[in-house]
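Undergrad: As they're listed, the protein sequences go chains Y and Z. With the UniProt record's numbering applied, the first sequence corresponds to residues 1 to 128, in that order. With the UniProt record's numbering applied, the second sequence corresponds to residues 1 to 128, in that order.
Hints are not guaranteed to be accurate.
Treat identical chains as interchangeable: a pair holds within one or across any two.
In the EDC-like style, the derived pairs of lysine to aspartate or glutamate whose C-alpha atoms are separated by at most 20 Å in a straight line are [to be verified]: (1) K89 <-> D100; (2) K46 <-> D93; (3) K46 <-> E36.
Hints were generated in silico from the structure; no laboratory data involved.
There are 2 protein chains.
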Amino acid sequence: MATTVLQSADAPADAPVGATGAACCAPPVTAPLGVEDATALARSMKALADPTRLRLLSLVAAHEGGEACVCDLTDPVGLSQPTVSHHLKVLVDAGLLTRDKRGVWAYYALVPGALDALAGRLATRLGG
Amino acid sequence: MATTVLQSADAPADAPVGATGAACCAPPVTAPLGVEDATALARSMKALADPTRLRLLSLVAAHEGGEACVCDLTDPVGLSQPTVSHHLKVLVDAGLLTRDKRGVWAYYALVPGALDALAGRLATRLGG
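Start from the sequences and build out the full structure, keeping to the hints where you can.
TA: This is the structure we're talking about:
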């Protein structure tokens with residue numbers, strides 16, 4: 001990515017009076033997020049962009065032992081087991097939950113560090 | 001904030017044999033996310049669930065002075081001004097960007113603390 005931004009053709013004529021000229025179109029000081037990185041991050045955010053999935057993550061995290069099965073989760077969210085299972089699969093596919101089948105039930109837990117990693121990306125203003 | 005976690009009615013029968021409940025998977029001290037809170041948080045995440053919007057936020061944050069106009073952003077993301085303006089509006093509506101019209105251009109900047117607040121919610125495992 002080019003780090004020097006030449007005087008933009010569409011800027012100077014429209015620059016507000018009193019602008020220094022450096023203000024509007026100077027190059028960024030840190031590396032902004034690249035396309036691939038943004039695509040991966042958007043995928044994680046999409047998994048979080050649903051109230052039920054956020055509640056399921058929260059319920060799993062708050063559950064005794066840090067893990068829960070579908071049987072623990074249907075009542076709190078008031079949804080059927082297939083619907084809850086679908087949302088849990090989205091969260092597993094997004095790398096936010098682990099799934100561990102033991103006996104009849106599958107147990108879900110937070111992937112260690114996954115939410116922290118996302119939090120870190122936001123806290124550092126999505127730097128690349 | 002409740003710091004005691006009562007024995008959950010739906011847990012004992014399904015609790016894995018041998019789990020200590022300590023060390024790795026101790027329960028968090030916060031209550032799980034409520035419906036209203038989850039809905040609001042999902043709305044913010046939805047605004048972030050798009051690679052272009054993530055890149056725009058990142059570009060604005062990295063821009064000199066912490067603000068940028070559409071004229072600064074179209075080239076880096078390779079999209080038309082109307083498309084970029086649409087994405088910026090979504091980010092403003094989500095409370096992630098401010099919009100300040102000065103002269104011909106509108107200048108966008110991160111809402112102070114907004115990304116940090118979201119990061120905090122993720123880092124605390126979406127506690128309510």
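Undergrad: A separate judgement is required for each hint: does it hold in the structure or not?
TA: Hints versus structure:
| no. | hint | verdict |
| --- | --- | --- |
| 1 | K89 <-> D100 | within (12 Å within a copy, 42 Å between copies) |
| 2 | K46 <-> D93 | both (11 Å within a copy, 18 Å between copies) |
| 3 | K46 <-> E36 | both (15 Å within a copy, 19 Å between copies) |
The structure shown violates none of the earlier numbered hints.
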